[in-house]
Each structure stands twice: as C-alpha cells, then as structure tokens.
Amino acid sequence: AQSVSQHNHHVILSEAASLELGCNYSYGGTVNLFWYVQYPGQHLQLLLKYFSGDPLVKGIKGFEAEFIKSKFSFNLRKPSVQWSDTAEYFCAVNGVDSSYKLIFGSGTRLLVRP
Amino acid sequence: DVKVTQSSRYLVKRTGEKVFLECVQDMDHENMFWYRQDPGLGLRLIYFSYDVKMKEKGDIPEGYSVSREKKERFSLILESASTNQTSMYLCASSLHRANYGYTFGSGTRLTVV
Chain A
-15 AQSVSQHNHH VILSEAASLE LGCNYSYGGT VNLFWYVQYP GQHLQLLLKY FSGDPLVKGI
45 KGFEAEFIKS KFSFNLRKPS VQWSDTAEYF CAVNGVDSSY KLIFGSGTRL LVRP
Chain B
1028 DVKVTQSSRY LVKRTGEKVF LECVQDMDHE NMFWYRQDPG LGLRLIYFSY DVKMKEKGDI
1088 PEGYSVSREK KERFSLILES ASTNQTSMYL CASSLHRANY GYTFGSGTRL TVV
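Quick mapping for you: the protein sequence lines, in order, are chains A and B.
Using this note's numbering, the letters of the first sequence correspond one by one to residues -15 to 98.
Using this note's numbering, the letters of the second sequence correspond one by one to residues 1028 to 1140.
Hints in this document: simulated from the structure, not taken from any laboratory.
One or more hints might be untrue.
Only pairs whose alpha carbons sit at most 27 Å apart, straight line, appear in this in silico DSSO-like list of lysine-lysine [as the list claims (entries may be wrong)]: (1) K42(A) <-> K55(A); (2) K1045(B) <-> K33(A); (3) K1097(B) <-> K1030(B); (4) K42(A) <-> K62(A); (5) K33(A) <-> K1084(B); (6) K1030(B) <-> K45(A); (7) K42(A) <-> K1030(B).
Just so it is clear, the structure is predicted and the values come from calculations on it, not from any experiment.
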C-alpha cells in the first residue's frame, strides 16, 4: 500500500530563513509526486508536481522540490521564506498504476515570524 | 479556472441525523473525491468516483456513502452522524488520472453535537 510520511509536523522560521520540508513515500512502482499548500482559511492549492524527467522541480512562489528515487524522497525547499508563506503544506503521491488516488501525508504547519 | 463548489462552509448537526454534503464541479472532470481533514492526520480518502454512478471506497469509508447521479455532482452522505465524524470535509476533482493533480473545494466544516 502507498503511504506518505512528513516528519516535521510544525516548523517555525524567521523571515529570510531557508526552508526544507521532508517527504518520504512508500510505493514499489513509478510515482507522481505533488506538494499542496493550504493558506489560512483557503482551499488546498497545487504548489508543484513531478511526473518524470528533471528531478528538480520548480513551482510557484519560489518553491522547488527534488525527487531522489533512491531515498524515496521528495523534499520541498525555498531559499528565503516570507511571512506570507505561513501555511500548511501537504506532500502527496500517486502510484502510476493505481491511477486515480492521491495519498496525502499528515501535513506540516509552517509559521514564519516577521 | 476549474471550480469545485461545496454547498456549505459550516454545518452543525445532531447525533443520529442523516447528513448530505454536496459538491459540484464545472469543468467536466471524470474523477471526484471526498476526503476528511483532521489535525495531525492530513487528508484521508473516504470515497471516490471515476464516472457517473461509479464509486469506490477509499481508506475510511465506514459510516459514509456517496452518490454520483450526474457527472458534475458528487454527494457525501453520513447515514447516521456521530461525534467522531466532526471534521473538515474536502471535495476534489481531477481530469483523467490523478497525475494531473486535483482541484479542491473550500471545504465544509461539520460539527456533530
């Protein structure tokens, strides 16, 4: 069965600090990987996604993620966070041969202090 | 932009009531999903549907059922609401396979008292 682990449940950073949120998945086959973000009071939005090709994926708002197949990881990074990045971040995986379902991690709440 | 609209933002229901949560999407997506979101647990899949009148159980279907009579509408039904079903419910839709990503609704926060 697929599963996704996000080890950091709460992260607190000051503005301009660098961010890295961990995501590991468990799945034996080919995967598609996603990061979603949920700003306070808003709906979930797609931040970035990986299907194939270059393992370094760039998304919106300066975020990027790197797929490391050997480590089953898809960590999210941002060189310099802003107060407006305060949100909850979810990693998700879709096994290519399971077609329809996205399996989500438990989420990481990021608080950026001005 | 695709819109996924959930009919209620907040609901308060009594234990034992039958509850309907409605979701409508406007971009002809084949797939629709219901998740519940709880602190520390992330999003857990309740049911999904990949076509009209088709449905499949997700990871936590117990106590829930669904209905998809039209392509654009996917309803979640709590047959007899219980307090442990107090949660945020999220509807999502996707085009074809999930590798296109989902579009989410704003959520319905259900409180069962």
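Hints, one by one, checked against the model:
With a C-alpha separation of about 20 Å, the suggested pairing of K42(A) with K55(A) holds against the 27 Å cut-off. Between K1045(B) and K33(A), the direct Cα distance comes to roughly 38 Å. Violation of the 27 Å bound is thereby established for this hinted pair. A hinted pair counts as satisfied when its Cα atoms are at most 27 Å apart, and K1097(B) with K1030(B) qualifies at roughly 16 Å. At most 27 Å may separate the alpha-carbon atoms for a hinted pair to count; K42(A) and K62(A) meet this at roughly 10 Å.
Between the alpha carbons of K33(A) and K1084(B) the distance comes to roughly 25 Å, so the proposed pair stays at or under 27 Å and holds. Between K1030(B) and K45(A) the CA atoms are separated by roughly 22 Å; this keeps the pair inside 27 Å, and the hint holds. Simply put, K42(A) and K1030(B) have alpha-carbon atoms about 24 Å apart, close enough for the 27 Å limit, and the pair holds.
The structure fails to meet hint 2 from the earlier list, while all remaining hints are met.
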